[in-house]
Each structure stands twice: as C-alpha cells, then as structure tokens.
Amino acid sequence: MSGTALSAIRPPAIVLGPWGWARANLFSSWWSTAVTLALGYLILRWSLDFVVWGVVNAVWTVPVNAQGKADATACYSAKGVGACWAVIADKYRFILFGRYPYDLQWRPAVCIALFIGLFVVSGLRAFWRKELALIWLVALTAIGILMWGGVLGLAYVPQDMWGGLPITLILSTFGLAFAFPLAVLVALGRRSTGLPAVKLLCVLYVELIRGVPLVSLLFMSSVMFPLFMPEGVNIDKLLRAQIAIILFAGAYLAEVVRAGLQALPKGQQEAADALGLTYWQKTGFIILPQALRVVIPPLVNTFIGFFKDTSLVLIIGIFDLLTAGKIAISEPTWQGFSTEVYIVLAAIYFAFCYAMSKYSHGLERTLDRARR
Amino acid sequence: MSETTADPRLTGPRAAPRKRIRLSWSDPVFRSIVWQMVVVGIVVAIVWYLTANTNRNLAARRIATGFAFLSRNAGIPIGESALPYDPAVNTYGRALLIGVLNTLRVAVVGIVLATILGTIIGIARLSHNWLVARLAAIYVEVLRDIPVLLQLLFWYLVLQSLPAPRQSLRIGDAVFLSNRGIKLPLLVWETAHTGALIGFLVGIVGTILFARRARRRQEATGSRPPVWPVALVLLLGLPAAIWGALGAPFAIELPVLRGFNFVGGGTVSPEYGALLMGLVLYTAAYIAEIVRSGIQAVAGGQWEAAGALGLSRWQVLRLIVLPQALRVIIPPMTSQYLNITKNSSLAVAIGYQDVVSIASTTLNQTGQAIEGIGLIMAVFLAISLSISLFMNWYNARIALVER
Numbered sequence: 012m013s014g015t016a017l018s019a020i021r022p023p024a025i026v027l028g029p030w031g032w033a034r035a036n037l038f039s040s041w042w043s044t045a046v047t048l049a050l051g052y053l054i055l056r057w058s059l060d061f062v063v064w065g066v067v068n069a070v071w072t073v074p075v076n077a078q079g080k081a082d083a084t085a086c087y088s089a090k091g092v093g094a095c096w097a098v099i100a101d102k103y104r105f106i107l108f109g110r111y112p113y114d115l116q117w118r119p120a121v122c123i124a125l126f127i128g129l130f131v132v133s134g135l136r137a138f139w140r141k142e143l144a145l146i147w148l149v150a151l152t153a154i155g156i157l158m159w160g161g162v163l164g165l166a167y168v169p170q171d172m173w174g175g176l177p178i179t180l181i182l183s184t185f186g187l188a189f190a191f192p193l194a195v196l197v198a199l200g201r202r203s204t205g206l207p208a209v210k211l212l213c214v215l216y217v218e219l220i221r222g223v224p225l226v227s228l229l230f231m232s233s234v235m236f237p238l239f240m241p242e243g244v245n246i247d248k249l250l251r252a253q254i255a256i257i258l259f260a261g262a263y264l265a266e267v268v269r270a271g272l273q274a275l276p277k278g279q280q281e282a283a284d285a286l287g288l289t290y291w292q293k294t295g296f297i298i299l300p301q302a303l304r305v306v307i308p309p310l311v312n313t314f315i316g317f318f319k320d321t322s323l324v325l326i327i328g329i330f331d332l333l334t335a336g337k338i339a340i341s342e343p344t345w346q347g348f349s350t351e352v353y354i355v356l357a358a359i360y361f362a363f364c365y366a367m368s369k370y371s372h373g374l375e376r377t378l379d380r381a382r383r
Numbered sequence: 002m003s004e005t006t007a008d009p010r011l012t013g014p015r016a017a018p019r020k021r022i023r024l025s026w027s028d029p030v031f032r033s034i035v036w037q038m039v040v041v042g043i044v045v046a047i048v049w050y051l052t053a054n055t056n057r058n059l060a061a062r063r064i065a066t067g068f069a070f071l072s073r074n075a076g077i078p079i080g081e082s083a084l085p086y087d088p089a090v091n092t093y094g095r096a097l098l099i100g101v102l103n104t105l106r107v108a109v110v111g112i113v114l115a116t117i118l119g120t121i122i123g124i125a126r127l128s129h130n131w132l133v134a135r136l137a138a139i140y141v142e143v144l145r146d147i148p149v150l151l152q153l154l155f156w157y158l159v160l161q162s163l164p165a166p167r168q169s170l171r172i173g174d175a176v177f178l179s180n181r182g183i184k185l186p187l188l189v190w191e192t193a194h195t196g197a198l199i200g201f202l203v204g205i206v207g208t209i210l211f212a213r214r215a216r217r218r219q220e221a222t223g224s225r226p227p228v229w230p231v232a233l234v235l236l237l238g239l240p241a242a243i244w245g246a247l248g249a250p251f252a253i254e255l256p257v258l259r260g261f262n263f264v265g266g267g268t269v270s271p272e273y274g275a276l277l278m279g280l281v282l283y284t285a286a287y288i289a290e291i292v293r294s295g296i297q298a299v300a301g302g303q304w305e306a307a308g309a310l311g312l313s314r315w316q317v318l319r320l321i322v323l324p325q326a327l328r329v330i331i332p333p334m335t336s337q338y339l340n341i342t343k344n345s346s347l348a349v350a351i352g353y354q355d356v357v358s359i360a361s362t363t364l365n366q367t368g369q370a371i372e373g374i375g376l377i378m379a380v381f382l383a384i385s386l387s388i389s390l391f392m393n394w395y396n397a398r399i400a401l402v403e404r
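Protein chains in written order, with the working numbering: chain A, 12 to 383; chain B, 2 to 404.
These aren't lab readings, by the way, just hints derived from the structure by calculation. The beta-carbon is built from N, C-alpha and C at its ideal position, and this holds for glycine as well. Among these hints, one or two may not hold up.
[Claimed, not checked] DEER-style ranges, computed between Cβ atoms:
| id | chain 1 | residue 1 | chain 2 | residue 2 | range |
| --- | --- | --- | --- | --- | --- |
| 1 | B | 215 | A | 30 | 47 to 53 Å |
| 2 | B | 328 | A | 135 | 33 to 39 Å |
| 3 | B | 90 | A | 78 | 26 to 32 Å |
| 4 | A | 290 | B | 94 | 46 to 52 Å |
| 5 | A | 358 | B | 44 | 42 to 48 Å |
| 6 | A | 214 | B | 175 | 50 to 56 Å |
| 7 | B | 134 | A | 379 | 20 to 26 Å |
| 8 | A | 214 | B | 310 | 18 to 24 Å |
| 9 | A | 144 | B | 310 | 55 to 61 Å |
| 10 | B | 215 | A | 281 | 49 to 55 Å |
[Claimed, not checked] When the alpha-carbon atoms are kept at most 27 Å apart in a straight line, the in silico DSSO-like pairs for lysine-lysine are as follows:
| id | chain 1 | residue 1 | chain 2 | residue 2 |
| --- | --- | --- | --- | --- |
| 11 | A | 141 | A | 369 |
| 12 | B | 343 | A | 210 |
| 13 | A | 141 | A | 293 |
| 14 | A | 277 | A | 210 |
| 15 | A | 210 | A | 337 |
| 16 | B | 343 | A | 337 |
| 17 | A | 80 | A | 337 |
| 18 | A | 90 | A | 80 |
| 19 | B | 343 | A | 141 |
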C-alpha cells in the first residue's frame, strides 16, 4: 500500500533558473501574463522609437560658418524624425557657464569639480569630524576666488557675467552652508523650555516660511528687499536670491534638526545636567553630535529638494542652469529644438539628485544596522 | 519627631517654596529673562531698522502705502476666469480674487488627481508582477529627481507644439487637441441637472446615515443589513428620478471649428493643462512612495490573521490594512498637499494667471510691492492653514485610540 501511495504523490513542480523566475514574477496568472505582454510591447515599441529618434536619425553636428554662426538646416530637415543634438554641441558651453568670458571658462569648470569633490568628501564617513567645517570653508573660499577673480593674477569677472551650473551649485551649496547653522539655532530655540519668547520667535519664523511658496520669497528678495536697505546700499540680485534661499532652507532644515533632537532620549539631557555641564557644553558635546548623526539621511533629502528648488530663480531672472538652457533655445537658430535641451538639463539635474538620493538610502540602511 | 521631618505623604501637598529672582548671573530665571530680552531686542531693532528704511524709501519714491489700489481699475487682461471680468471696468481687487480662484482650481484638482495617480503607482510598486513594479519604481525615481519647474516648462512646450486648430488631433467629433488647448464637449446645464446634483448629495448623506445604522445594528445583533442596495437606490436612483421627473433633458455642446479657432464646448487651456499635468505627475511620485511605505508598514501577519478569520481580500484591505496604513500615510500626505498648493505658484513661469502671477503684475503696475507680496503670503498662509487644520482633524479621527 505504502509504495503505491508514495509514488502517487509527486513532489511539487519547482522550476528554477530564468524560466522559473519569469513564471513566478511575470506570468504567475492569466491577468499577470496579459499585463506583462501589453507592457512589454509598449516598452519595446517606445524604446525603439526613442532610439530611432535619439540615435539613428539624430543630427549630431552642424557646420559652423566663419562668423561662428551655426547652420541648422540639417536639423530642420530632420525635425520630427530625428533629434538635433547639434544644439547641445553648439551651446553646451553657454548652458554650463552662461555668459562667463569664453577664455576664462576653465574657472567655473574647476568650481564645478570643487563642488563635486566637496560633496564626495562630505559623504565619506571618514571625514565626519570637526575638520570637515574647515574643508568647507577652504573650498567655498576657493570657489569664491575662482569665480570673482581679481586676486592672484586672475582677471576680475563681475557677478552679472556668471551663469549656468555654477550658479545652481552656488545657490544650493552656499544656501546649505549658511542655512544649517541658522537651522540648528532655530531648532534649539524651538525646543527650549525656559525661553518662551525665543521659542515663540522660532515657531513664528518656521511656520511663516513653511507656509508660503519659495516663489513669494524670491519675489520679496527681488522687489521688496531694495526697499529695506538704506539709500545708496545696493546688494546684487544673486546675493538677494541667496539670502531668500537661506531663509527658506533654514526653516525646513530646522524642522529636520528638531526631529533629531526629539529622537534623543531625555536621559542624555539629564545625565549632562547631572555632570554640571553648561547649556552650550551640553548642546555642543552631548546633544548635537548624536542628534545630527540621526538626521543625516533626511538632511540629504532636504538638500536634494533645495538643489531642485534653486531652479525657481528662473522666475526672477537669475542666470542658473535652467535659465541658461531656456535662453539658449530662444536663439533664432535653435528655436524648435527645446526638447533636446530640456532632456539634457533634466539629465544633469537627475545625475546630481539621483546620486545624492542613492547615497542617502545607503546611509540610512547603514545607520539603521549600526543602531540595532 | 519634629514637624520638619514629617513624612510629606502624611502632611498632604505643600506648595513649593517660592523662588525669589536674584539679580545674579548664576540664577537661571534671571539668566533666561536677560537672554530673552537680548534676543527680542535684537529682532525688534532689526525690524525697526528695516521699517525705517522702507518708510524713507517709500517716501522718496512717492509710493503711498495701503490697500487703496485694490479698488482702482486693473486693466490686466486675464485669459481664464471663473468670474465675469472685464479689464476695462473691473478693479485690482477683483483681478486678485480671480487669481485666488485660479490657484484653488489648480490646487484642488491637482490634489485629487495626484492622490489617485500616486495611490495607483504606489500599489503598482508592490505588485507581484516584476515588470509593473520596476516600471513604477523607475517612474518614481525619474520624476522625483527632476525639478518640477523644468517638468512644467517641458509639458507646456509639448502642449504648445500640438498642431494648430485646423489640423488638431481629434478623438471622434468630441475631443480636440490643438495648440489652443484641449476642447471637450460640454453638457448643456439645466435645472434638471442641478436637481439631480442635489439629489446625489442627499443620496450621499442618506447612504452615510444608513451605513451608520447598519453598523450599530451589527454591533448590537451581529448581523449586518446589506448597505449596497440602499446605496445604489440613493446614489443613482434618486438623481435619475429627479432628472427624469424634470423632463430628462440631455444636450451636449460639441466644440466646432470656425475659422481659426473653436466655438462652443469646454476648454482646458495649454497653461492650465501643463501646470496641472506637471504638478500631478511630479507630486504623484512622492505620494506613491508615501502610499507604498504606508502599506508596507502594516505587518504581514495582519493579512494572514484576517484571512484566517475568513475575511475576503477586499475586506482585509478595507477593514484591517487601510485603517492602519492611513495612520502612517496621512501626516506626510498633508505636507504633499501643502507642496502642491505652494508649487502651483510656479504658474507664473508658464503664464497661467494664478494669484502670484496677477499680484506680481499688480505690483509692477502700481509699485505696491509690500502690499502685493503681503497679499500673496496671506493667501498661501490661509490655504496652507486650512489644509493643515482639515488634515489634522482627519488624522485625529483615524488615530489609534490608546487606553
């Protein structure tokens, strides 16, 4: 009896390998199979169309005449069937560096490299120590010297000649560098129990800024700020926008820092008090080092937000990456090839933001593991 | 045993000894008062300095402060307006009111659409089908990492580069896509439709009341009277009956090409369409992540336990998983709703006339910079505050009631 019964029960069919994986993840039911086939067809078709448009039929270069004017006839004849990457080939220096003097554009290029280096160094945990602040100070000073010039034999370049990617990086990075200390102070003020007046001011600041759009702050910086200044004092447009971004970033970062402060067990405060530390000793040596470590991933995410939000300065006419792209396509030669420029701009923004968000994800996992 | 060493538990509560403030730096109360006076003093000094400068500058430029300009004649042409508006006669006040309505039109529709799309994509990310899950993940990654302004400009470009009305893309004879916007057929509105709408609203209230009764009944007796037949009658039957009783009018106004443009029908302008599309697609990526993490936050054991009790998959989702997931979802969702509202101010970049756009035109024409910016901020603060209050109320309603 036992022999027949056992042989009647077959082991469950398990298929391994790619086919087994596909059975489980793509064709597990009729419904799933239908969705897979439909989506697969659409993806295949669209990617083929895109490759044909973007690679096969694309125009990569166009002849440039003696005056340096590009001749876009080839692009116009390929319009609709092929991309015109020639607009990028012709305009990439303008999109990246704006109106910065052509011969001196190695300087903003070095600045971009410095910014990227600064991000990478700040991301390495081996550098998470007090010296990092010094590195930032040195790097930001070097960037300022390179952009402005006027010292060390570098020719002076006025600020209204700057443009493109360095402006985007300057607005976001300097914004972070100045907003961060402000945010820590505001967060501490908002958490303080003994100082109701200070707490009220901090709450008002944070809630007011977070309740209004950045555009309104930028408008404020461009039309209202000149009214605030005594006569004769003229602060340039970029600096005013930078101040608006710092105030804006400060409020959002303050909330992130506050979350870190709240996550800290109360015992840490009490133990520090018991040791007789003063408020600033307690905050500087006990509270902040622990609280800030916790909030690094959300800080990075907030920074990604600011990096994208700096594109809003387009609205008040500051020459950042997006504005440079928009001006490049408003040129009569290249009108009608905006899609290509937008794709490249999107790719640049995406590269920065994606790298940072991947980093923040990885960090979150590492920190989670360390805490367990 | 002397009285001073008596057990405090026996003598009852005693007032804490009154602390006297000493004028010494080692007294924490004194210190905190000094610190606060210093901080408040600095803030007041800065504000006073800026106000003094502003007053001097305004006087020098001969700009009168105040909101008197609101009742002056505007002369701003407005493309889309929910209220009758004529730039020749109407005032700045009315123009700004139209701006506020236009902002709300984008924000409300955007919030609804982004919630629907975001929920679909968030659930798709958890799909068992690998292709669906990957696609949803790619959507989220790509759309989140590109500035929303760039996306808006791109969609505006797409909508503007549609063919001219004569060569427009069409779906039947009803929907036309052209560079003048999207033309849709419009129902000719009559009293019967208003009646049907009121009937529908009454139906909603009735259904809610009946569902509540059914619930009480279930709690008392254990058996639940079926709700759906009543809901069907109230939600569909009642409006249909009113509509039929009033003569069942049904006429559709189709857009018709006349000369170089369309006549009749409803319009979605390229500006509004691009703004809505950009905001919805961008915010949906964030909402998808919120929905996904909310559903994942509900432990798998909940599904299994509910299944073991004999609930259907839909019942498990509705009665067990969603109520728990919502607690995680609602707070971050609130901030996305606030973001969509605030990001609607990017309208100014593509020429949709929201409150920011109209206020900035106003302040350019009148020079009333402070009042203009103040109005923008007040409008957004009011909208933000209303959304926060509503969402906080909803959050409190669904929050875990702890003993």
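Hint check results:
As the Cβ distance of residue 215 (chain B) to residue 30 (chain A) is approximately 50 Å, the hint placing it in 47 to 53 Å holds. A hinted range of 33 to 39 Å holds for the C-beta pair residue 328 (chain B) and residue 135 (chain A), which are about 38 Å apart. Restraint check, residue 90 (chain B) to residue 78 (chain A): a C-beta distance of roughly 52 Å breaks the suggested window 26 to 32 Å. In this structure the supplied range 46 to 52 Å holds for residue 290 (chain A) paired with residue 94 (chain B), their Cβ-Cβ distance being about 51 Å.
In this structure the supplied range 42 to 48 Å holds for residue 358 (chain A) paired with residue 44 (chain B), their Cβ-Cβ distance being about 44 Å. Range check, residue 214 (chain A) to residue 175 (chain B): Cβ separation about 53 Å, and the 50 to 56 Å hint holds. Hint check: residue 134 (chain B) to residue 379 (chain A), Cβ distance near 23 Å, so the stated range 20 to 26 Å holds. Range check, residue 214 (chain A) to residue 310 (chain B): about 46 Å between beta-carbon atoms, so the 18 to 24 Å window is missed.
Separated by about 58 Å at the C-beta atoms, residue 144 (chain A) and residue 310 (chain B) satisfy the suggested range of 55 to 61 Å. Checking the proposed 49 to 55 Å range against residue 215 (chain B) and residue 281 (chain A) shows it holds: the Cβ atoms sit about 53 Å from each other. In summary, the hint linking residue 141 (chain A) to residue 369 (chain A) is supported, as the alpha carbons are separated by about 25 Å, within the 27 Å threshold. For the proposed pair residue 343 (chain B) and residue 210 (chain A), the alpha carbon gap of about 26 Å is at most 27 Å, so the pair holds.
With a C-alpha separation of about 17 Å, the suggested pair residue 141 (chain A) and residue 293 (chain A) falls inside the 27 Å cut-off, and the hint holds. Distance hint between residue 277 (chain A) and residue 210 (chain A) is fulfilled; the C-alpha atoms sit about 19 Å from each other, no more than 27 Å. Of the supplied pair hints, the one linking residue 210 (chain A) and residue 337 (chain A) is violated, its CA atoms being roughly 43 Å apart against a limit of 27 Å. A threshold of 27 Å between alpha carbons decides the hint, and for residue 343 (chain B) with residue 337 (chain A) the separation of about 23 Å falls inside it, so the pair holds.
With a C-alpha separation of about 19 Å, the suggested pair residue 80 (chain A) and residue 337 (chain A) falls inside the 27 Å cut-off, and the hint holds. Distance check on the hinted pair: residue 90 (chain A) and residue 80 (chain A) sit about 20 Å apart at the alpha-carbon level, within 27 Å; holds. For the proposed pair residue 343 (chain B) and residue 141 (chain A), the alpha carbon gap of about 37 Å is over 27 Å, so the pair is violated.
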